[in-house]
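Asker: The lines below spell out each chain.
Number of protein chains: 2
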Amino acid sequence: MKTLIIVAHPKLVESGTQQFLKTSLANMSEVTWHVLAPKKTHFDVSNEQALLKAHDRIVFQFPLYWYSAPAILKQWEDEVLTRNFVYGTQQALAKKELGVVVSTGDPQRDFKAGSSEQFTLSELLRPYQALANKAQMTYLPPFTIFQFAYLSETEKQQLVVNYQQYITNTDFESFHGRELWFEQQLKQKIKVNPDLQKLPQILTAIQDNRENLEELGWTLSMIKDDEDE
Amino acid sequence: MKTLIIVAHPKLVESGTQQFLKTSLANMSEVTWHVLAPKKTHFDVSNEQALLKAHDRIVFQFPLYWYSAPAILKQWEDEVLTRNFVYGTQQALAKKELGVVVSTGDPQRDFKAGSSEQFTLSELLRPYQALANKAQMTYLPPFTIFQFAYLSETEKQQLVVNYQQYITNTDFESFHGRELWFEQQLKQKIKVNPDLQKLPQILTAIQDNRENLEELGWTLSMIKDDEDE
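Chains A and B supply the protein sequences, listed in that same order. Quick note on the UniProt record's numbering: the first sequence kicks off at 1 and runs consecutively. Quick note on the UniProt record's numbering: the second sequence kicks off at 1 and runs consecutively.
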C-alpha cells in the first residue's frame, strides 16, 4: 500500500507537531511526504492528479484553523479535484482511502456538545467525509492530536506508533491488524540489523500470543454455538 | 442594523447567482457588498477588522466548493480572524450575527443521509457555526440557494424578497417580523415615490391584516387559558 501525505501547514518548519510526525516516518517505505507550498499561486493540476493516482491511501494532514484546514489545502482541493477527475468520467479516486491527520492546541474534552467548541471533530470534518463519499473513497477515522506540546514522553512514543500505523497499516483498526503490523515491523528490523538479539524472541512471543488468542477465539465461538442450540 | 456581505467567488462576474443577488440589493441602505479579491496575496488585516467592527450582521456568501467555501474565504478567515480579535482580549465580534448565503448546483434533496451527498448543509457548514459560537456571535440559519439556473421567474422573485430579508431584516424568522419588514419597505417606497397610487392601500391592508391576526392571537390564547383551567 502506498500512502500520500498531503501536508498543509503555513508555518511548517516552526511546527513541533509536524516535525515530530515527519521524524516518526523516517525509514518508512511507500510513504510520500508531500508539502503544499503556501507561496505558490497555482498548483500544477496534472502533477498533483498523477500523484494522487499513484497512491492508495491519501492523507490530509493539517492543524485545525477555524474548524477546518488552512486555506492552502482548500486551494489545492478547489484546483486539483476537478469534477471529471473525482466523479465525472474518470472517478480516479474510487476505491482509494481518505484519511485526515488533524492537530489542535485545544483539549479533546472541549470538542463535544455543551463544551466550549460545541462540536466533535468528526462533525467539524464532515466536508472531508462528504468528499470521500463523493469520490467513492473509504473515509478513515480521523487521526487526532490534541495539545501536542503537553504530551509526556510515553504519550509521544505511543503517538509515533499510532501515527505510523495510521499511515502504513492497511488494517490499523482491528487488534489482529495491529498485531500483524508489529510482526512485519519487527521482521524488517531484524532483517536490516540481525544484531538486535532480543527482537527475534519478541517476535516469537507475539506470534505465540496470537496463536493462543486464535485458539481462545475458537473456544469462545464453540461455547457460543452450544449456547445458541 | 448594518450588514456586511463578504462575497467569496473566484468567478464573480460570470456567476449568474451572484449578479442576481447583487442586483436584489440595489437601493438597500446600510448594506456593504464586500468582494474578496482572489488575486491578493494577503489581506489588510486592520482594514478588514475595522469593516467587521462597523457592522452588526456579518454574512459569508459563496458557492459550495467541496462542501465548504472557496479557498479565498478560508484565507481571509485565517488571516483576519486573529485570536485576540475574536476570543482573546478584544472579542470584537461578540453580540454580532453571522449568516451564511450558500449556493449549489445540486438539488436540495441530495443533501440528506442516504442521498448522494449524505449530509445536510447544516451539517456541512458546522465550521461556520463553530466559529460563531467561539466568537459569541448569533448564528443565523444558513440561506441556501439550490440550482439557481433552474428557478422559475416566480421562484426568483421569491428569492429576491427572501434574500433582502436575510440581509436587512432584524427579525426575518418570525411571521410578525417579516410583516413589519414589508410595511417598512412599502412606507419607504411611498415616501420615495408618492405616485405609486396603490401602495398606500396595500400598506393599509397589511396593517389591518396584522391587527386582525393579533386579535385572533389573543382570542386563541384566551381559549387555551380556559382549557388549561
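A couple of the hints might just be wrong.
Claimed, not checked - Computed cross-link-like contacts, DSSO-like style, restricted to lysine-lysine with a CA-CA straight-line distance of at most 27 Å:
1) B:K134 x B:K2
2) B:K95 x A:K112
3) B:K112 x B:K95
4) A:K96 x B:K2
5) B:K96 x A:K112
Stated by the list, open to error - From chain A, some residues computed to sit far from chain B (all C-beta separations above 10 Å):
6) D78
7) T168
8) L186
9) Q188
As the list claims (entries may be wrong) - On the chain A side, residues computed to face chain B include the following (Cβ under 10 Å):
10) S68
11) A69
12) P70
13) A71
14) L73
15) F119
16) L124
17) L125
18) Q129
19) E153
20) G217
21) L220
22) I223
23) K224
What the hints contain is simulated information worked out from the structure, not anything from laboratory work. Glycine included, every Cβ here is placed at the ideal spot set by N, Cα and C.
Asker: Let me make sure I understand: some of the numbered hints might not hold for this structure. Which ones are they, in numerical order?
Answerer: 3, 4, 6, 19, 20, 21, 22 and 23
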